[in-house]
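A.B. asks: Construct the entire structure; sequences and hints are all you get.
Each protein sequence line maps, in turn, to chains A and B.
Numbered as in the numbering used here, the first sequence ends at 306 without a single skipped number.
Numbered as in the numbering used here, the second sequence ends at 833 without a single skipped number.
Please keep in mind that the hints were generated in silico from the structure rather than gathered at the bench.
C-beta: ideal position from N, C-alpha, C; glycine also.
Some clues are possibly wrong.
[To be verified] Ranges of calculated distance between the beta carbons of each label pair, as one might list FRET restraints: (1) B/F690 / A/I263: 49 to 57 Å; (2) A/N182 / B/P666: 51 to 59 Å; (3) A/T288 / B/D800: 19 to 27 Å; (4) A/A185 / B/P666: 25 to 33 Å; (5) B/V665 / A/I277: 28 to 36 Å.
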Amino acid sequence: MGGTEAIILTIITASTPLLLAAIGELVTERSGVLNLGVEGMMVMGAVCGFGAAYTTGSPYLGILAGIAGGMFMAFMFAVMTQTLATNQVATGLALTLLGLGLSGLIGESFVGLPGAKLEQISIPFLSTIPFIGPILFGQDILVYISIALVFATTYVLFKTRVGLIIRSVGDNHNSAHALGYNVIAVRYACILFGGACSGLSGAYLSLAYTPQWIENMTAGRGWIALALVVFSTWLPKRLAIGAYLFGAVWIMGLYVQAQGFGIPSQFLSSLPYLVTIIALVIISGNKTLTRVNTPACIGQTFVPDR
Amino acid sequence: MGKNISIRGGTAASADYLLEARGITKMYGDLAANNDVTLKIAPGEIHALLGENGAGKSTLVKIIYGSIQPTDGELYWLGEKVHIANPAAARNLGVGMVFQHFSLFEALNVAENIALALPKDIDIEDLSEKISEVSQEYGLPLEPTALVADLSVGERQRIEIVRCLLQEPRLLIMDEPTAVLTPQEADQLFLTLERLASEGCAVLYISHRLDEVKRLCHDATILRMGKVVGHVDPQQETAASLARLMVGADVHAINANREYNPGETLLKLNALCQDADGPFGVSLLDINLDVKAGEVVAIAGVAGNGQSELFDAISGERVSSSTSTIRIDGRDSGLDNITTRRKNGAGFVPEERLGHGAVPGLSLSENIVLTRHSDDDGLSKSGFLDRESAVAINERITRDYDVRKGKPDPEARSLSGGNLQKFVVGRELDRKPKVLVINQPTWGVDAGAAALIRQAMIDLALSGSAVLVISQDLDEIFEIADRIAVISRGQLSDAYASNELSLEKIGLLMAGEHEKKTTVQDEKVSA
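C.D. replies: Listed below in structure tokens is the structure:
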């Protein structure tokens, strides 16, 4: 395995959790809901995933448990913001704090234990192609899922009626309500989808990235995912570019640091943020496109007039 | 005038009627928005629903459309009792609705907007063809792939109408449809509605433009304070008698008879240009206008042709590029901010009363402080607020301008639209500004309140101020203005004396007759 190949494999591993969490938040925000609790949902996914995989020995059960953990947190968020009409920003921040604390409590007995690692799925023959093989056809299932989700969400959002309804609810919830759509139900579904994706992302961290449980192991990735959604102007394909660009610059920074070129490490660790922001600002330069893709109702509480 | 009034009701439901609402009551707390309302609509009939703001028209219509549920009462469809649980159920029966504040999605295109209101199994490609068909058949031109955000208000209304027509409605509800249209567009709409009625579709037409109702409608139900107060044949009534029924008293006729004797120029716009603010804005192009002391000048035009941009430029919400473009009472003000312009004697009333003209969550007295903190009233003394004075001013404004409110000093958002409009206008008029600029002074305001606001503007001009009114309501403009200019795509026509300007001429100006034909972009294209 050559050096370049190793670097590319690491980049994929670093980018996948960002992409998974961000794609879920993208769908949530498209329906007009701003859920700042991504970090909290992720870390709950990580601890639930690790716990289930450790207890049962099956990383696949771990994945399911991770999804459930994320969705449980998202459900709380949905009840608060949709049914009880609380402020989305405050509730989202609270969700992050709750997730970080709760996961620490649940995971206390897991600290330092060896986890069950998610194995790579090698597609026969294809994965033996030199260089391209291991990169494209020798990844674990969550990497494939993350890529599939990018295409699936693009298709659903822009080619199907379900997607049209989600976008309409995010653009103008009063109009959607007047036409007879159940705004709250659509948002519940989108919040839960976001929670599932965040949980999946957390599970990826504790099952594939570093197969163990460490407190606060998400380390701010939820916030990066949130920022990526905005900078991608709510378009899944741009989001994938952003996530991979971020992962790539991040890993390259670590690599450069290890080589000891004398570049200050602070600069290197801030580089991914800088590069990603600049790149996404450049590609989102078309103002009309940005206006059309920004969910106009984002963060606004909807209370139907009954 | 009571001879034509008869309140029908109490008979058995009959299949002669398409829709019958009986004893509809809707309570919001102790307030009855609808109180035992009865309404009968026959197929092929254009039925007017009249009433002032807060009379309960919207509540009744929302109940028929299934958006809200009545506290009490029953609906019958073709003689059968029905429960309309939600708008989808209403659409299944054959009820279509064109909303006053459109239920459109700006970020979606025309076809997508229409698809959202249609049954699930619609293919967008087929739909585009159907849209073109229907829109041609009824003379409502629409481009299926156009983005709603790029369309004018008239075009947006066409989307709503086509959306209803595609559902083959048997009852079409129209909420204040002509409020936003040019005279020509309104005429076209009446033709469409008459054609629909001749095909057997019933129309429930909500309006407070009484001459339209007289011209178009076969039957009228009049609401006041949530109750039916009359059921009349509009052809047999005069506009004045209808207004009397709506208001419950004689509407104060506007006294505009006065000598036109303007004084010195108090507001001067001098070659004002401004680039568009964002992709959906309008740029202003070489705008020149003088408003003199003692006159009311009105700017007519279809919504979205630069009215709000012009207002923002004059009020100082967007500061101009050079100081000489705007001259207020002899002072070059193009670079001044809003407060400086106010101190110099100008008053501004923006179009959107809630959120722009007033902060929804603040009380009325606090809203007064927001625009008048730098006045001589001393509402703000070295950074501290004088609440007592603000409350006193609030008392004066709400008394003088008949603002009806539940508490002495309620939150702005708790007022009904018409009452809040009276407050926002009254707040500026109370200062007796030398220059008043007012955008859409009576938008969505009932006849009584509109008359009060218009009279107040005329009185202000009589007392020697310059008044500039931006409005889309031509009746209003002809009622109050001494001179009229028309804005179209960011260009302002000359100002004509209002008695020299015909409706036809105004329509042509609205369509852009005065625009300079070669703009910079055209030159680029031809080069």
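A.B. asks: State for each hint whether it applies.
C.D. replies: Hints, verified against the model:
1. Distance hint for B/F690 and A/I263: a CB-CB separation of about 55 Å, consistent with the stated range 49 to 57 Å.
2. For the pair A/N182 and B/P666, the supplied restraint of 51 to 59 Å is violated, since their beta-carbon distance comes to about 26 Å.
3. Taking 19 to 27 Å as the suggested C-beta distance range, the pair A/T288 and B/D800 does not conform, at roughly 34 Å.
4. At roughly 27 Å, the beta carbons of A/A185 and B/P666 sit within the given window of 25 to 33 Å.
5. Between B/V665 and A/I277 the Cβ separation comes to about 34 Å, which falls inside the hinted range of 28 to 36 Å.
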